[in-house]
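In the order they appear, the protein sequences are chains A and B. Under the numbering used here, the residue at position 6 of the first sequence is numbered 3, and the numbers go up by one with no gaps. In the numbering used here, each residue carries its 1-based index in the second sequence increased by 72.
No lab work stands behind these hints, which were simulated from the structure alone. A virtual CB, placed ideally from N, CA and C, is assigned to each residue, including glycine. Hints may be right or wrong, so weigh each one.
[Stated by the list, open to error] Here are the simulated lysine-lysine pairs, BS3-like style, with alpha carbons at most 27 Å apart:
#: 1; chain 1: B; residue 1: K157; chain 2: A; residue 2: K397
#: 2; chain 1: A; residue 1: K397; chain 2: A; residue 2: K384
#: 3; chain 1: B; residue 1: K212; chain 2: B; residue 2: K116
#: 4; chain 1: B; residue 1: K277; chain 2: A; residue 2: K430
#: 5; chain 1: A; residue 1: K384; chain 2: A; residue 2: K504
#: 6; chain 1: B; residue 1: K277; chain 2: A; residue 2: K124
#: 7; chain 1: B; residue 1: K212; chain 2: B; residue 2: K277
#: 8; chain 1: A; residue 1: K397; chain 2: A; residue 2: K124
#: 9; chain 1: A; residue 1: K36; chain 2: A; residue 2: K244
[Said to hold, decoys possible] Label-pair distances were calculated between CB atoms; the ranges are:
#: 10; chain 1: B; residue 1: L278; chain 2: A; residue 2: G107; range: 28 to 38 Å
#: 11; chain 1: B; residue 1: A282; chain 2: A; residue 2: G58; range: 29 to 39 Å
#: 12; chain 1: A; residue 1: A125; chain 2: B; residue 2: D273; range: 20 to 30 Å
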Amino acid sequence: MNHPSVTTLERDSAPRVLFSGDQLVEADLPAGTRCIYPKPPIQPLRDVDAAIRYAINHPLGSEPLYAKLRPGMKVTIAVDDISLPLPPMKAPDVRERILEIVLALMADHGVDDIEIIIATGIHRKMKAGEVRHMVGRKVFDAYWPDRLYNHDAEDHDNLVEVATTDHGEVIEMNRRAVESDLIVYVNLNFVPMDGGHKSLMCGLTSYRSLSAHHNPETIRGCDSYMDPQKSELATRISRMGRLASQKLEVFTVETTINNRMFDRPLDFLAKNEDDLDARERALLKGLVATTARLPQVARQAIFDRFPAPYGVTGVWAGETEAVHEKTLERCYEQYLVPFEGQADVLVTGIPFISPYNVHAFLNPLLVSVQAQGYLFNFYRGAPLVKKGGTLIITHPCTDKFDHEQHAPYIDFVHRVLPETRDAVELHQRYEKKFAQDPAFIQMYRTGHAYHPAHPFFMWYWGENGRQHLGRVIVVGADNEYIPKLLGYETAATMDEALYRARGSENKSLSIAHMHVPPIVMADVRV
Amino acid sequence: MAASYFDVDGTLVSTNLVHPTLFYLLNQATPVQTALRFGRALFKAPAMTVAELADRRTFNELLYSSYQGMSEDRLVLLSDEVFEKVLRPSIYPAARDLVRKNVDRGNVVVLISGALDFIARRLADHLGADDVIANRLEMKDGYATGKLEKPVVAGPEKARLIRDHARVHGHDLDDCYAFSDSYSDLPMLSVVGHPAAVNPDPRLKLLARAYSWPSFDLRACP
Chain A
-2 MNHPSVTTLE RDSAPRVLFS GDQLVEADLP AGTRCIYPKP PIQPLRDVDA
48 AIRYAINHPL GSEPLYAKLR PGMKVTIAVD DISLPLPPMK APDVRERILE
98 IVLALMADHG VDDIEIIIAT GIHRKMKAGE VRHMVGRKVF DAYWPDRLYN
148 HDAEDHDNLV EVATTDHGEV IEMNRRAVES DLIVYVNLNF VPMDGGHKSL
198 MCGLTSYRSL SAHHNPETIR GCDSYMDPQK SELATRISRM GRLASQKLEV
248 FTVETTINNR MFDRPLDFLA KNEDDLDARE RALLKGLVAT TARLPQVARQ
298 AIFDRFPAPY GVTGVWAGET EAVHEKTLER CYEQYLVPFE GQADVLVTGI
348 PFISPYNVHA FLNPLLVSVQ AQGYLFNFYR GAPLVKKGGT LIITHPCTDK
398 FDHEQHAPYI DFVHRVLPET RDAVELHQRY EKKFAQDPAF IQMYRTGHAY
448 HPAHPFFMWY WGENGRQHLG RVIVVGADNE YIPKLLGYET AATMDEALYR
498 ARGSENKSLS IAHMHVPPIV MADVRV
Chain B
73 MAASYFDVDG TLVSTNLVHP TLFYLLNQAT PVQTALRFGR ALFKAPAMTV
123 AELADRRTFN ELLYSSYQGM SEDRLVLLSD EVFEKVLRPS IYPAARDLVR
173 KNVDRGNVVV LISGALDFIA RRLADHLGAD DVIANRLEMK DGYATGKLEK
223 PVVAGPEKAR LIRDHARVHG HDLDDCYAFS DSYSDLPMLS VVGHPAAVNP
273 DPRLKLLARA YSWPSFDLRA CP
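Using the sequences and the hints given, assemble the complete structure.
Structure (structure tokens):
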């Protein structure tokens, strides 16, 4: 028997609606297709400020925050960056609430040597307006830009080696944080792979440290990124994080949010198409028709315009691992949907947004990150699709890049990827040289570009999906070149894609459809 | 090994060729000489303005004619002061770091500039660059003739000089970098595999965008 969030299609079921970038397309999937939908949003906390105060006064595995404070001490507060959540959260962002409470507490205890660092790692630096939205006007006006700033993973004068694990992984971190008496990490845990030791080990470290775990060997060793117990990535990061915790005083604050990504009147996008009422069906038709006709820039502007009305569902504080255990439980409660057995074919739309293109176009490399990286990995237990199975995605795969944010991606896709798609070869032959590109590093440091190592890490991100899947078929591509470069087949329609997946012997297939966004994870029992 | 070729004026420093020239003109041995030289230079200013718009090489030749009669000793002697008072304060905050990133990568760093060689050399030493391709004043009996030795480093000629430099030193141009702020340096940017627009003028900015070249601003602190 299906979970309430899983529907088996019948002959007269309504067409399914899939994201195809920033457009919506309808597809008739065969009867028998099992569609997995996001669970309804968990009821948010009624008093978030009270929950934050309770968490920092009743921490897990640690003394309360106030007990750690003394006048004249040096404190660094690290904050998750714009990659979390997606899209950015409606004001007030939960990080703003935590910062205001924590900063007031510190002021009461005579702590005034405080700097707030946005834990960008090698992501692009956040712009002033984005930071203001995230931390709120009060904190922004008081701290930006001298005491509230982005981490710089290329400022070698301000990076310091903390330790090296017995596996040879070097932990090189932001000097200010390392030299502080206390680091407070303020997290917003969007998916189960976020948070925990990953926050500091990715957010405040350097390319050198990141390459210890962001490499093809580690990624191939992962089952699901979303299941830390089975993720080699999580294993390595935790090993480094535990060692760093022995050298540093860290107090972690983690939060979870529900999956209310769409505000009214677009909230029906999370629903089963068969359950839509007449008004919602009309709205959906209108949206499908509108996104098909509007130019891309206008479509992007529409989706960029609406921050998500996420509700905060939990706040925990204290020792990193004890806190993260609670965070994961709440994340799973929101996202996991039980699903029996694996499918031969997984059909899913690729939406317009990923952690790496906030306020920018989802370029071809990020399409592959979404398909074989994130969406493939949204499972626990076993992959939703069988080994050697087929992934069908809907996306135009337009050869378009944001010239500022994704400048190094352009070179990667058009200069490096045509040489080889082999992740190991890319890692060994090209990565280091590319990561030292002085022009791209300058764009990262003084502009808002991703670090030149980032496109390599992104290619590796799809590596376990690439190893597991037999083929990827993209429906609705507006060109042949990009899908070929990514190793994808193309089909003009969903029917053609399914026909291809069946093969010449026209075998019967079990088909699963994952309805995203909002985020859903399959808890697959084989 | 690859090389990184840097234009200087507007790219690494905010000054241009006129600033050091003015310093020399205003710091002659006597006030009378200063007044005479400055007056002569002012007389040429309209012609230089036209030349700047039409042809960078002619502009350079007109500008450097102001040096006619200056002694080599004095030019070299004052070059330290020119560097300290004119060039050093005008180096962009992130310029030194950009040069260092190129050196760290193992690239040979070459400044290619219409400036005079003895001044460009001082800047190269300060920034940690390895080599300089710059203009040289023709000297006769220890005095500047007001002419430049060939080849004049300007505009399209920079591209040829880069090609020659790379050939002589065994650099594969496909692996080389070039950095400039000006559309007039398009030829030099086009001969390397990794061109980059630095503090670009509007035309270069558009071009960099069209060709997906890296484009950034060194005037901002990291």
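Structure-based check of all given hints:
For a cut-off of 27 Å, the pair hint linking B:K157 to A:K397 is broken: about 46 Å separates their Cα positions. For the suggested pair A:K397 and A:K384, the alpha carbons sit about 32 Å apart, so the restraint of at most 27 Å is broken. At most 27 Å may separate the alpha-carbon atoms for a hinted pair to count; B:K212 and B:K116 meet this at roughly 23 Å. The hinted pair formed by B:K277 and A:K430 meets the criterion: a straight-line CA distance of about 26 Å does not exceed 27 Å.
At most 27 Å may separate the alpha-carbon atoms for a hinted pair to count; A:K384 and A:K504 meet this at roughly 17 Å. A distance of roughly 21 Å separates the Cα atoms of B:K277 and A:K124; the hinted pair therefore holds under the 27 Å criterion. With a CA separation close to 43 Å, the supplied pair B:K212 and B:K277 exceeds the 27 Å bound. Pair hint A:K397 plus A:K124 holds up; C-alpha atoms about 22 Å apart against a cutoff of 27 Å.
The suggested pairing of A:K36 with A:K244 is violated, with an alpha-carbon distance near 41 Å, which exceeds 27 Å. For the pair B:L278 and A:G107, the supplied restraint of 28 to 38 Å is violated, since their beta-carbon distance comes to about 54 Å. Checked against the hint of 29 to 39 Å, the pair B:A282 and A:G58 fails, with Cβ atoms roughly 55 Å apart. Taking 20 to 30 Å as the suggested C-beta distance range, the pair A:A125 and B:D273 conforms, at roughly 25 Å.
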